[in-house]
Amino acid sequence: MHVTSKEFKSKAAEKSQDLGARRRLRGATQHSVQSRNSVVEDVLNWEGLRETAHWTKLYSIEHLADLLEEFERNATANGMKVYWAETEEQACKYILDVARRERASLIVKSKSMVTEEIRLSHALEKEGIETVETDLGEFIVQLAGEGPSHITTPAIHKTREDIGRLFADQLGVPYSSDPAHLTGIARDVLREKFLKAQIGISGGNFAIAETGEIIIVENEGNARLTTTIPRIHVAVLGIEKVIPHLEDLSTFLAILPRSGTGQRITSYVSLIRSPRCAGELDGPEEIHVVLLDNGRSEILADPKMREVLYCIRCGACLNVCPVYQTVGGHTYGSVYPGPIGSAFTPLMASLEEAKDLPYASSLCGRCSEICPVKIDIHHLLLWLRRKSVSERLTNPVERLLVQIWLMLMRSEGLYRFASKAGRLLQSLFPKRNRSLPIPIWSKSRDFPPLAPKTFRELWRDLENE
Amino acid sequence: MHSQARENILKRIRENLKIQATTGSIDERAHPPFAIQSSAQRSEHIGMTPLEIFEKELTLVGGNVKKVFSREELHASLLDLCQKENYRNITLSRETFIEELGLEKRLSTQLTGAKVAKVSAENLVGQLQHADVGITACEFLAAETGTIILRASTDAPRTISLLPRAHVVVAREEQLLPTIAVCFERLQTEAINPALSSCITLITGQSRTADIEKVLVKGVHGPKDLYVFIMVTVK
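Going down the list, the protein sequences come from chains A and B. For the first sequence, the residue numbers in our numbering are 1 to 465. For the second sequence, the residue numbers in our numbering are 466 to 700.
Simulated from the structure, these hints should not be mistaken for laboratory data. Note that the coordinates shown come from a computational prediction; the quantities given were computed from them, not determined experimentally. Built from N, CA and C at the ideal position, the CB exists for glycine as well.
Straight-line distance between alpha carbons at most 25 Å, and here's what the computed DSS-like set of lysine-lysine pairs gives:
1) Lys387(A) / Lys483(B)
2) Lys81(A) / Lys476(B)
3) Lys689(B) / Lys196(A)
4) Lys355(A) / Lys11(A)
5) Lys93(A) / Lys476(B)
6) Lys476(B) / Lys304(A)
These stretches of chain B come out as covered by chain A in the derived footprint (C-beta under 8 Å, 3 or more residues):
7) 589-602
8) 618-632
Beyond 10 Å from chain A on every Cβ pair, some chain B residues (computed):
9) Glu517
10) Asn551
11) Thr561
12) Glu564
13) Leu576
14) Arg637
15) Glu638
16) Gln640
17) Glu655
Isolated chain A (complex conformation):
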């Protein structure tokens, strides 16, 4: 997976200076959290739902091969074509072949993180095939030549004025910053595209093994149009999306909209079973399902990290994360930002390229608390930090400091000596409030001043009184 996460620290330092952007992002994420809370608070059995969702995902991942085979069998019996892609290159090549065979000149896309992961639009545009994002937020960032900055609200970082100016520049319409008006413009522009496109490409929130169905949840209606009007529908899904039964879907339909968009259910849920049946007046004539590995099967090798594959891409962890709220999604340099992204990205790209991401956390645990599938996100980040250290990817000075600390902790004599020395030393830094300058540490933190007397000394004085 292509990432630019090595730039995380420098980008973060820059972004945290932009107080205006921080305020806006904080406002937007807090609004999302409030909406989420209002539809979760009155559910009598929310914890039961989370537990069920967690166990269903656990079962699905532990039986992944069997479920994928079952899905393939049933989807194929339904008339869909199933293609297995080990890498993003294979996935793009297959889809390009489909497009070439169809002589496609225009493709409409509904929101799909996995298609961003494989950089599908880029591959299609290179072939000269116009590829249009139809989700409003994605449409906006596509016009701006950017990537999405949030899993469920891609243009959360843009003001209405930004978007008004963007539409005026790119679409040649008179400037307006009214959201309803701007949405109306997008509706008309995109309706034209839906009607002309030869291929519709979507993702999929779930794949049901038992019935061979692809499930898409949405609010706008663009996924319904994308998967109904063009002659060919291509659905791209990560292999971790498969769940066993239709019955399981009910649980996820209760938790995903609540966590993702603060709704009890999304406006539309499509259960796509097959291409158009004999006599039906609409629907695609061909459906291709691309099952993408791209590194997911490797994640299974670490039993502790398997949990990261339970993610249903709701984006709730982003909304509550103090780090995300400060630096925003683009800073992570990955299609998958925020807390879950900080665990997923090092596993999908490499720990070396994304080593700063597991450290982009205060370990407050709000992400784990809010995760509807009960992924222990902050502990996964801790586990990755441990791996970072054992693979010697961390700063050698930091490793040295930790070694020194270990030495002090193991030897009482050394510890007491260091404590005395420290107290003596810090009197040399009155201007810094006696905070000792520790390399690296002191760049953004103050070392707490050591107390004038240790506990033992105080106790001894008390005893002597």
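Position chain B against the provided structure of chain A, taking the given hints into account.
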């Protein structure tokens, strides 16, 4: 003939899954300790009838619900709606229930100058693009969330509830079930030939987005207005 990629992926999955966690056996982890829970029942629904719940929930998300007690009342209400909203181009599905209700005839005779037609196989998209409203029956209604369940069929294409700017559903009270989970159960146990439907769609309210500064805007790509008429059996 299976591809090499397929074989590689499945092999890698199976081999990597064999690696056990140091705590807990696979059997213990593979069987959930309790039954599937999908109930998102809320405290405020306790004591309400399914019809009351459905009406409350769908209205909350911008849908309109009207109970009618006779065929005549349905005709009158529908006419009223078309006149008030100025629906001049009306498309109806060919579903048996819609035909039995005689809506096409009634609407075309009473709404002078309006275009009233059933979905046509020829240029369906063109027909629906210009339609003000699409009128359909439905498979089920789910009370808990105010959801309408539609099954694509030869009589009711998917786009009739998607392209026009408004969507009207006519349902019978017996089609109202408590939750989506129950609807799924019924869909699976009823002898519905799967080959006859390519897609099942759950609709709850209007097409909407909050992608611009989290400001809610309705009627993005799908219909802006949704009306559900429920024929209540007089007891």
